[in-house]
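Using the sequences and the hints, build the whole thing.
The listed protein sequences derive, respectively, from chains A and B. Per this note's numbering, the first sequence starts with residue 1, numbered consecutively. Per this note's numbering, the second sequence starts with residue 264, numbered consecutively.
Hints should not be assumed to be uniformly reliable.
What the hints assert, rightly or not - Pair ranges (Cβ atoms, derived):
#1 A:Arg165 - B:Phe502: 25 to 33 Å
#2 B:Asp304 - A:Gln52: 31 to 39 Å
#3 B:Glu337 - A:Glu217: 38 to 46 Å
#4 B:His417 - A:Arg165: 29 to 37 Å
#5 A:Glu217 - B:Leu450: 37 to 45 Å
#6 B:His417 - A:Arg100: 26 to 34 Å
As the list claims (entries may be wrong) - Among the chain B residues that face chain A by a calculated CB cut under 10 Å, a handful are:
#7 Ser278
#8 Val316
#9 Asp320
#10 Thr368
#11 Gly373
#12 Ala381
#13 Tyr389
#14 Gly392
#15 Pro393
If you're looking for bench data, these hints aren't it; they were derived computationally from the structure. Think of the CB as a built atom: it goes at the ideal place given N, C-alpha and C, for glycine as much as any other residue.
Take a look at the letters that make up each chain.
2 protein chains.
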Amino acid sequence: MLTFIGLGLGPEGISLQGLRELQEADVVYAELYTSLLPGFDISQLERRIGRQVKRADRKMVEENPEEILTAAREKRVSFLVPGDPMVATTHVDLRLRAARSGIKTRIIHGVSIASAAAGLLGLQSYKFGPSATIPFPDNPSTRPYEILAENFNHGWHTMLFLDLREEREAMTANEAIGIMFGLEERLKGSVFTAESLTAVVARAGADDVLVRADRAEKLQREDFGPPPHLLVVPGRLHFLEADALEIFAGAPKEVVQWHMSRR
Amino acid sequence: MLTFIGLGLGPEGISLQGLRELQEADVVYAELYTSLLPGFDISQLERRIGRQVKRADRKMVEENPEEILTAAREKRVSFLVPGDPMVATTHVDLRLRAARSGIKTRIIHGVSIASAAAGLLGLQSYKFGPSATIPFPDNPSTRPYEILAENFNHGWHTMLFLDLREEREAMTANEAIGIMFGLEERLKGSVFTAESLTAVVARAGADDVLVRADRAEKLQREDFGPPPHLLVVPGRLHFLEADALEIFAGAPKEVVQWHMSRR
Chain A
1 MLTFIGLGLG PEGISLQGLR ELQEADVVYA ELYTSLLPGF DISQLERRIG
51 RQVKRADRKM VEENPEEILT AAREKRVSFL VPGDPMVATT HVDLRLRAAR
101 SGIKTRIIHG VSIASAAAGL LGLQSYKFGP SATIPFPDNP STRPYEILAE
151 NFNHGWHTML FLDLREEREA MTANEAIGIM FGLEERLKGS VFTAESLTAV
201 VARAGADDVL VRADRAEKLQ REDFGPPPHL LVVPGRLHFL EADALEIFAG
251 APKEVVQWHM SRR
Chain B
264 MLTFIGLGLG PEGISLQGLR ELQEADVVYA ELYTSLLPGF DISQLERRIG
314 RQVKRADRKM VEENPEEILT AAREKRVSFL VPGDPMVATT HVDLRLRAAR
364 SGIKTRIIHG VSIASAAAGL LGLQSYKFGP SATIPFPDNP STRPYEILAE
414 NFNHGWHTML FLDLREEREA MTANEAIGIM FGLEERLKGS VFTAESLTAV
464 VARAGADDVL VRADRAEKLQ REDFGPPPHL LVVPGRLHFL EADALEIFAG
514 APKEVVQWHM SRR
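Following this line, the structure appears as structure tokens:
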């Protein structure tokens with residue numbers, strides 16, 4: 001039996017059901033390379049559940065999952081994942097491998113950063129179009145800009161996740177805004193300009209979470225503290241969403257009004 | 264201080280952080296009318312945290328939130344919400360009212376059904392377009408069909424939530440499929456036909472969760488057990504997503520292949 005358990009966000013994001021499963025498990029693995037989990041401390045979790053947690057790195061999960069599958073064939077195995085499991089393709093792949101070799105699988109969900117970020121900004125989650133990840137410039141892609149342009153034309157909100165390197169180097173919102181300005185210029189677009197109402201969510205789920213909304217150029221010069229960060233570009237705003245951006249994210253009224261007049 | 268705490272899904276979906284906050288709160292309210300939480304028992308939670316939980320009904324939250332705000336002005340108040348807080352507009356409104364009267368607010372996130380449903384089906388969450396709710400036929404709307412048609416043309420997945428009446432009467436996936444067939448006919452569309460690959464998620468997060476994918480007409484005749492249910496109409500499928508629908512949701516290979524050839 002292989003149970004995927006979401007760690008949610010922050011040090012105590014796991015659900016009561018997840019904790020109970022961990023306490024009953026024979027073997028516990030944790031995969032901590034697909035996202036940053038601010039404040040999470042694996043040894044604190046080990047003390048809480050009274051057992052050792054094995055680190056599963058990318059190589060083990062993607063190239064050599066036999067150790068995990070062999071354990072799951074005979075024992076009750078928990079596989080811990082930041083956020084909600086199955087957001088990364090690699091977990092779907094592992095679950096498929098397990099199922100194909102006759103191992104029962106199960107998911108205990110965790111809070112996803114996408115849902116948390118929308119809620120922190122007061123933006124309605126059903127109004128988000130598809131999302132994209134902004135890659136580092138040495139691995140460029142026009143996809144985030146294309147997704148944003150398509151969503152923006154429809155009046156939908158766009159969530160842009162920021163790249164994370166294996167060596168735990170995470171892109172900042174400042175770098176991401178610069179990359180989006182570069183794409184706008186290169187593709188001769190008119191969607192993401194210096195004036196564009198943009199939002200930043202830093203450390204969603206942590207005690208020192210920070211949300212900001214303002215003109216993109218203004219945000220590019222601010223300091224949001226340690227990662228993870230993400231960007232949201234709002235589409236058409238309901239008046240409650242506009243109020244939330246002003247009150248919770250400090251968006252200047254005139255920036256929000258300019259955005260609403262433009263849409 | 265007013266802290267919105269997500270109950271996540273199922274009886275033990277709340278996070279450790281949420282539970283800790285409840286234990287430290289002076290007053291605890293629970294809003295349980297915006298969604299069904301299968302298996303959740305408020306008296307079990309009361310026993311666990313050793314205090315009474317006050318029920319906040321729609322009238323209290325939307326028309327007369329003064330009781331909650333007055334308490335939050337002087338005390339540490341927790342406001343429990345199914346899933347992730349701020350998904351319903353009414354919570355954003357309450358948070359804005361609190362902030363405007365100088366009350367500090369905070370969110371402790373919970374698992375959202377949208378993220379869980381995508382993960383259960385093995386569909387990538389970043390490929391979902393905007394979502395919609397299918398209302399009961401006495402309150403008809405073409406919006407779910409329009410959202411689906413737009414997403415489908417782009418190759419994006421669509422999540423369709425099902426209406427819930429205050430008296431706790433929840434729409435089934437069977438009814439929802441019938442309503443979508445009706446909209447297809449009325450709007451002379453060609454997106455949601457009897458042959459369309461469709462998925463149903465029933466009781467996401469509960470122990471008896473059920474996921475199915477098949478031709479819409481076939482699903483319309485199946486029994487998924489008690490609500491809540493939701494529908495997902497897949498768009499363009501990555502091969503891992505196609506495999507996941509076959510293995511975890513029992514989609515027949517030929518139905519998935521027909522879908523992929525059509526896209």
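Could you tell me which of the hints above the structure violates, numbers in ascending order?
Violated: hints 8, 9.
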